[in-house]
Amino acid sequence: MTYIIKKLFQIIPVLFIISFVVFIFVNVSGDPVVLMLPEDASNEEIKAMQESLGLDKPVIVQYGLFLSNVMKGQFGQSFVYKQEALPIVLERLPATFELMIAAIIISILISIPLGVLSAIKRNTFIDLFISGTSVLGKAMPNFWLGLMLMLVFSVYLQILPVSSRGSLLHLVLPAITTGTAMAAELTRMLRSQMLDVLHQDYMRTARSKGLSHFSVVYKHGLRNSLLPVITLIALNISTLVGGALVTEVVFAWPGIGQLVISAVHARDMAVVQACIFVIAIFVIGANFLADILYRVVDPRIKYR
Amino acid sequence: MPLNKDALLQVKGVKKYFDVSEGIFTTKKKYLKAVDNVNFSLKQGEILGIVGESGCGKSTLGNLIMQLENPTEGEIIFDGIELSKLSAKELRRKRKDIQMIFQDPYSSLNPRMKVFDIVAEPLRTHKLASGTDLKKQVYDMLEIVGLNNKYANRYPHEFSGGQRQRIGIARALTLKPKLIVCDEPVSALDVSIQAQILNLLLKLQKEFQLTLIFIAHGIPAVKYISNRIAVMYLGKIVEIADKEQLLSNPKHPYTESLLYSVPVSHPKLRSNHEQSKLTGEMPSPVDPPPGCRFHTRCPYADEKCMEETPDLIETQDKEHYVACHYPLYRERVSNSDSVQAILD
Amino acid sequence: MKTNQLTFLKWLKMLGSSKTGSLGAIIILTVTFTASFASFIAPHDVYEVNLNAASLPPSWMDGGESQYVLGTDRLGRDLFSRVIYGSQISLLVGISAVIVAGVIGVPIGLISGYYGGFIDSFFMRIVDANIAIPVILIALFVLGFLNPNLIMFILVVGVATWYTYARVVRSEVLSLKEREFIKAARVTGVRNSVILIRHLLPNVTSSVIVVSTLSVATTIIIESSLSFLGLGPKAITWGALLSDGRDYLATSWWIATFPGIAITITVLGIILLGDWLRDVLDPHSHV
Amino acid sequence: MKESEVLLEVKNLKTHFNTINGVVPSVEDVSFYINKGEKVAIVGESGSGKSVTSLSIMRLLSETGKIIDGSIHFCGRNLIELSEKDMRKIRGNEIAMVFQEPLSSLNPVMTVGKQIMESILLHQKTRKQNAKQQVIDLLNKVGIPRPEKVFSSYPHLLSGGMRQRVMIAMALSCQPKLIIADEPTTALDVTIQAQILSILKELSEQEEVAILLITHDLGVVAEVADRVIVMYAGQVVEQAEIFSIFDYPKHPYTKALLNSTPKLDFSQTELLSIEGTVPSPMEIPTGCRFYDRCDFSSEICKQSPELKEITDGHQVRCWLVEEAIDNRI
Amino acid sequence: EEANVDQEKTNTEEEGKEVSESEQDQERILTIAIPNDIYSFDIHDHNQIDTEAVHINIFSYLLTRQTDMEVEPDLLESYEPVDDVTWAMSLKEGITFHNGDPLTAEDVKFTLERVANDDTLQEHGRLKVIKEVKILNDYEFEIITDGAQPTLMNLLSRIGSGILPKNYIEENGWDHFLSNPIGTGPFKFVEWRRDDRIILEPYENYFEGRVQGIDQVVFRVIPEVSTRINELLTGGVDIVTDLTPDDMQRINAQEGVSAVSAPSQRVGFLGLHHGEEHPTSDPKVREAIELAIDNEAITKQILLGEATPTRTRITPGNFGAHPRLYNTYLYDPNRAKQLLEEAGYGDGLELTLTLADNHYLKANEINEVIASMLAQVGIDVNIQFVDWSRFLELRNAGDYGQMYFAVYGNSIFDSSIGLQEFASNVGWDRASYRNEEVTELWEQALNNMNFDEREEQYQRIQEIVAEERPKIYLYHQNEVYGVSDDVIFTPRTDSMLVIKDMRMQ
Ligand SMILES: Nc1ncnc2c1ncn2[C@@H]1O[C@H](COP(=O)(O)OP(=O)(O)OP(=O)(O)O)[C@@H](O)[C@H]1O
Ligand SMILES: Nc1ncnc2c1ncn2[C@@H]1O[C@H](COP(=O)(O)OP(=O)(O)OP(=O)(O)O)[C@@H](O)[C@H]1O
Ligand SMILES: [Mg+2]
Ligand SMILES: [Mg+2]
Ligand code: NI
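Those sequence lines, one after another, are chains A, B, C, D and E.
FYI, our numbering numbers position 293 of the first sequence as 293, with every residue one higher than the one before it.
FYI, our numbering numbers position 54 of the second sequence as 54, with every residue one higher than the one before it.
FYI, our numbering numbers position 51 of the third sequence as 51, with every residue one higher than the one before it.
FYI, our numbering numbers position 286 of the fourth sequence as 286, with every residue one higher than the one before it.
FYI, our numbering numbers position 25 of the fifth sequence as 25, with every residue one higher than the one before it.
No wet-lab data here; the hints were simulated from the structure.
Certain hints may be false.
What the hints assert, rightly or not - Below, in silico cross-link-like pairs of lysine-lysine (BS3-like), each with a Cα-Cα straight-line distance of 30 Å or less:
#	chain 1	residue 1	chain 2	residue 2
1	B	268	D	36
2	E	134	E	109
3	D	141	D	114
4	C	13	D	141
5	C	183	B	94
6	B	268	B	318
7	B	15	B	243
8	C	177	B	127
9	B	150	B	206
10	B	176	C	13
11	C	183	B	135
12	A	219	D	85
13	D	302	D	255
14	B	29	D	149
15	B	127	C	183
16	B	203	B	43
17	D	14	C	13
18	B	150	C	13
19	A	57	E	131
20	D	132	D	114
21	D	36	D	308
22	C	183	B	85
23	D	66	B	268
24	B	29	A	7
25	B	15	B	29
26	C	10	D	66
27	A	57	A	72
28	B	15	B	318
29	D	85	B	268
30	B	178	B	15
31	B	12	B	176
32	B	135	B	206
33	B	277	D	302
34	B	96	B	127
35	D	149	A	219
Stated by the list, open to error - Which bits of chain A does chain C cover? Going by a derived footprint, with three or more residues having C-beta under 8 Å, they are:
#	stretch
36	13–21
37	141–152
38	203–212
Where a beta carbon is used, it is the ideal one built from N, C-alpha and C, also for glycine.
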């Protein structure tokens, strides 16, 4: 229990650091006002707009304001949407969340059998094939994979919808696209974990009891090699979110990814800041959960 | 126990408590008492063996003497100087006189450094030699520990465990220290190699008039090398005496049982003392038992032992100190004559 | 394997004994070679526009011309030359970003792991903060708001990924710190700074090398994703070629396909080599 | 010795490993036997092939290891020729093992009870409920206090001694005929070692189970064994009744080993050490493998000696035994 | 009150009918893929054509442009000038908002005066010319402008002039309106899932009658162009906007879908800096640049014919268009070289061209081609690709080097705005360009109600601009759409997606 509280306390400085960096960056970057006016607006019009938005105050004053507002969950008005930024972002969260969960599930479903198989068939053709494919899975840029999958499964075979969010079928291609890199990573990780575990003394003990190879691998090996995988998934959540950003654009998935990208293009500071915060908290939360889960599942780690 | 003022090393009431508190809000701190009020002194040229079960605080004591850990309480006076009072810079200079030999011949040598550099590092650090002089000193030292000069340009992994341990000894000796702390230097070695290293240490001790602290849990090895032996239990020294005294006439029940646990050296001596062997295991040093810490496993313990902590006091035998309310007074069958009698 | 020091010949022999490792090495050598001699190998000027030869298919297809081996893009520029030239910039970007990340991350990892305590928590909180924001989002954010040129990209990716090195080095140092040779150095009176540089640094290099190879691959992929999002560094990189060509996938497939293949093969090579290095360098692995 | 009493007979066992650096001949021409209910010890320094021998018997070598030659007869069957399936019926059921590191030899994510029960359920037709009771009885037998509690603990919560007791309970679970204990006490304190050794001794007497005890500590041998096999660099160099070994060692290596061991109950003015190191299996000298380190080696030692029976049950692999080397010491 | 109750009754009746209808035949859903989501439903606070293209289906204007871009009354029954600054107008009767409220002059006053008075709104700059809306009775009102406004009719038929429901907004507040907008247009708002889709349904009581043959309209947001096309090819959407000319081939190759195009209002050009420190201050250099560029190569080979060469920003259909400057270009590389020689740049000249990366259709490629064309006459062009907002900063500060490329649109259908830059400080700030004659002509034309004279004034300005080249206009670009054969859709020059003019088969 105290461990959880300690972990939670560690999150505070993390958020503070994030807020600081985000604010600094937004401030050294350019001016949103030019984007809000017509393409041929005059310089006087621009100046007037800046003043009305409070962008002419000193930076420190702006940061103070920023921080106190962030505490209240206010990231300011979106220049584009003309409303509080946070609700806009939170509105997109379920879509991204759905995509992430599906991607994680798919990558786990793919990687467990492949990783184990690859490890026990080590250095055979099967291993080479699995390792090769998983490296390929990592080597392909996300958007490229997405477009290819779309061409094959939606345009030529016409068995899956092209884009957008809706039924479970809509989820398949985006989830595969997002999850592939992680599946590849997990497969490789699981393989090496498994290889490690296969060398452990307790595997020899299990075999010395007369257990069959299969039970040794699955009953004694898999659970031990899966534990570090939890940590790996948590560590990869951040990369996964990064991949999801791109996938969302490819598949017109109405999540945070699309929002943040259009907000960056429009220099919608408030929305970008809110997105970064929400994503950061999302990732921190996922890591936190994984940490707890790990502690629950692994009897070696005492609750502290 | 009274400390000898002229001794090379005096350990005075030294304690080391590790903070193992849980959580951040709890007001009650939890301490692991690794070393709890240890006193002894060491004369120039003496070899003190320290024995005890795993986790009883032997290494921590060694680290405290080496100033690798700061004592929670107490003083370590070396050569008349209290080490913890030295500034970081002075301490670094003082380290020239106290060296250490480690247990694991694999992890104690930097795998990325050549043997020459490993042995030369202390000399370079203290700017004691350079150029050809450095070379000569390093080569001499390798010679002394029985390694060929041509090995100087190799990396540690090219050596066997025994050879590596020799490199470690050479490194400790280059500075001509006054005191060497050996933390289980032979535990990781094979029997035949172990004998080589023990003999080497003895030879060097005579040659350089070294003072040694020899930590081990292999009691026979300690017996072979030391003049005096200290027995530790749960962070405390329970008995300390001259080697022969301690082995033939152990006064602490723990010492006795420990000695009886050591496997016999001949099948004919088997199971003579089955009943005196220790049962149970050492309690956790986080919550050591009150009173005499050994009372949970002691066949002679009574109420007093549960309440009062015995001090380390001198017995009738001179220089034989024991921390027990009821010290034993009986000869242990251990001298060679009686053993020989059984064997014949 | 306990031994870490190997002679060059032994390395070659070990490389030869691993099929995947040698495949990776061959790929990387080839790519590095083309990258280094791009200007000699490329048959055409990469900027040379020839609207009359626009969108020509590869030379072996109907309508292809022999001087344009892999065909041309929409402006009639030679795709082969551009892919070759792209290797130069892509690799350069990948390697530079890794160097930036390493230069920041390794010392921090060393210090954090060795000293522990407040310094450690301080840096680790920064690492946590850094991990919480996906690299691509950081890049998107910074490049979106500042000028997206090559240098900027390198800096951003470098600064956004330093934590990998800090973490790896730190955890390595944490275990090295317990090794007795560090104790031995302290006992000898060696200064902390010297311990860090002479005793710890050389012992973390192998892990750092493994992580860096994999990071080069990641950087190439990040770069292409950013190009896709319209925020890539403006240069002839594979990522830019790939993402520019995606609009012509259905009409002139070769424009995007060849850069895509180049990325995939190179990343494949890097990962294979990196995996092999890890197997060889990692004392815990069982080759 | 009557044939029927022999439980296990290993003949000319030869086990090699294929590694990147070439073939490692870990075990060369090892022969020995174990009678029913007998306690046999294999001693030898690190790398002498003790573990490989025991793993060869169980056919549990890693993929790179291969039994090249020889036979292993257990209860009349040659284990080397058995199918993997038949071999599985023997493992744990008729021959059980206890390993050196009790912590790493127990699955960290499975409770102790489950791990012991697994073996019972695998080899015996009992219900889970009965099996559980059996496990608790076993834990009791190996001297574990509060066995019900230990049953549902994970290995990391137990102390080293407790873990090793659990390993022994596991080995006993199917009343095997032979227990191979590979350095069961090396990782433990002397006090705990004494406890574990006495449990092993007791059990072998009560349950009439034969024990093959692998160790490098002559003291442990002296405490436990009926008969001793001394191994050096992959070969058996001497094999004899325990008293013969301790009183009349024949092989120079055995003698040297005895003399280089520090002893508590003798006063030793000087330890005799064996110079040099055990040759690594990659660079084994031709001829007598102890040649380089032997004080008595002569020309003839450049040829490989055979393991010869000198007196009843006392075998030695040395050219010089006939010359009664012990007289020259 | 009573009217409201009645309305509700009819509404429920209608709904009943609808259910039985949809039971009979399938729902016909028209799906349109657009690249960006709309900004909001605040018609006064955006300047996005894409957003207005959706709004136009929900809100009606006083006047509107037909498919042929003729301005016709929409909500208006009649309108006529009273004097130079006053227009008398009357509304059609019986028009209702989607909640049933009748449209009155109050709503007009509310709408127009809001944008005219609130200077935080993005359309304020355009519509501040309206001084007052004077209500005469429920259906009649007068618009009083600030000075003579010849373009008032243009302004009233574009962004910012859709009429809002005054009562509804005042009763429920803006926030409610923004999430549940209503207007008097042919479609009523159903749902807006941000970055995903906007759903509309025909308004039963639309004053021109319920739109027939369509039961629902879905605007789907799909940023990636290949995904949009894939959706069209697989029947996921019926109309796709914002395609490139390259996509036409692929779409036309497939049965059941085809690509269509129509001229837009967008004109691509190079802006040249006239500052003395720049070589482009020399008219000969500027002329050489224009002569070096083969506009036809750009329009034919890169834009595949979906563009027309032009030398002016004012394209046909806009007031003041200059026919002689349209569909023409100057190209003479030899003369260009000669001019450069004369200007003293015989052995080469290096110029910087700033471009917003990937922002305009095919702009990266077009500029790379321009650079190679200029290289042929000895001008080395260094293209500086920058992010869009950085581009705006550089342009506004005049820090773009010697040239910048941009594509400007024109939603007013009048020369005034398109030529304003050359007559104001903007031209000076951005390009150090000033011409007294242009300023004078432009100011005269601004409030000139004599339309013939005004047209001449604008054409004169264009001639001067073509001569002095503060900008070199390059091409007038078409908008490309992909359309399913099930839909009849005629693209409009103003890029609006007017669904009531479409038909589903
Ligand atoms: N840095 C530390 N933090 C917390 N506890 C420690 C630390 N170092 C040692 N301990 C604890 O202090 C006790 C004594 O440890 P120490 O290493 O001195 O034992 P030891 O007698 O040397 O044992 P061994 O024979 O196994 O080497 C042990 O319980 C150990 O867990
Ligand atoms: N899997 C393996 N691959 C290659 N060589 C091996 C393998 N296992 C053992 N060996 C080699 O075989 C030889 C004998 O090893 P073994 O483990 O039997 O020694 P041991 O007598 O049990 O030593 P220890 O006392 O250290 O346990 C050693 O030299 C070892 O290096
Ligand atoms: Mg220790
Ligand atoms: Mg072994
Ligand atoms: Ni290994």
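For the pair supplied as a hint, residue 302/D and residue 255/D, is the alpha-carbon distance within the 30 Å limit? 20 Å, holds
Margin query: Hinted pair, alpha-carbon criterion (30 Å max): residue 14/D, residue 13/C. Please report holds or violated.
Written below: 28 Å, holds
Self-check item: Pair hint outcome, residue 150/B versus residue 206/B [Cα-Cα no greater than 30 Å]
Solution: It holds: about 27 Å lies between the C-alpha atoms, which stays within 30 Å.
**Message:** Next pair to validate is residue 96/B with residue 127/B; report whether the Cα-Cα distance is within 30 Å.
**Reply:** 11 Å, holds
### Message
Holds or violated: residue 15/B and residue 29/B, Cα atoms, limit 30 Å.
### Response
Within the cut-off at roughly 16 Å; holds.
Point to revise | Proposed proximity, residue 268/B with residue 66/D (alpha carbon, max 30 Å) | key: 40 Å, violated
* Asked: Going straight from one Cα to the other, do residue 132/D and residue 114/D come out at no more than 30 Å?
  -> 9 Å, holds
Is the hinted pair residue 176/B and residue 13/C satisfied, with a Cα-Cα distance of at most 30 Å?
44 Å, violated
Within 8 Å of chain C's CB atoms, at least three CB atoms from the stretch 141–152 of chain A: coverage verdict | Check passed, 6 qualifying residues.
Residue 141/D paired with residue 114/D [C-alpha distance capped at 30 Å]: 17 Å, holds
Holds or violated: residue 135/B with residue 206/B, Cα cutoff 30 Å? 25 Å, holds
(request) Would you check the hint for residue 203/B and residue 43/B, treating anything up to 30 Å between C-alpha atoms as holding? (result) 18 Å, holds
Checked against the numbered hints above, the structure breaks hints 4, 6, 10, 19, 23, 29, 33, 38 and satisfies the rest.
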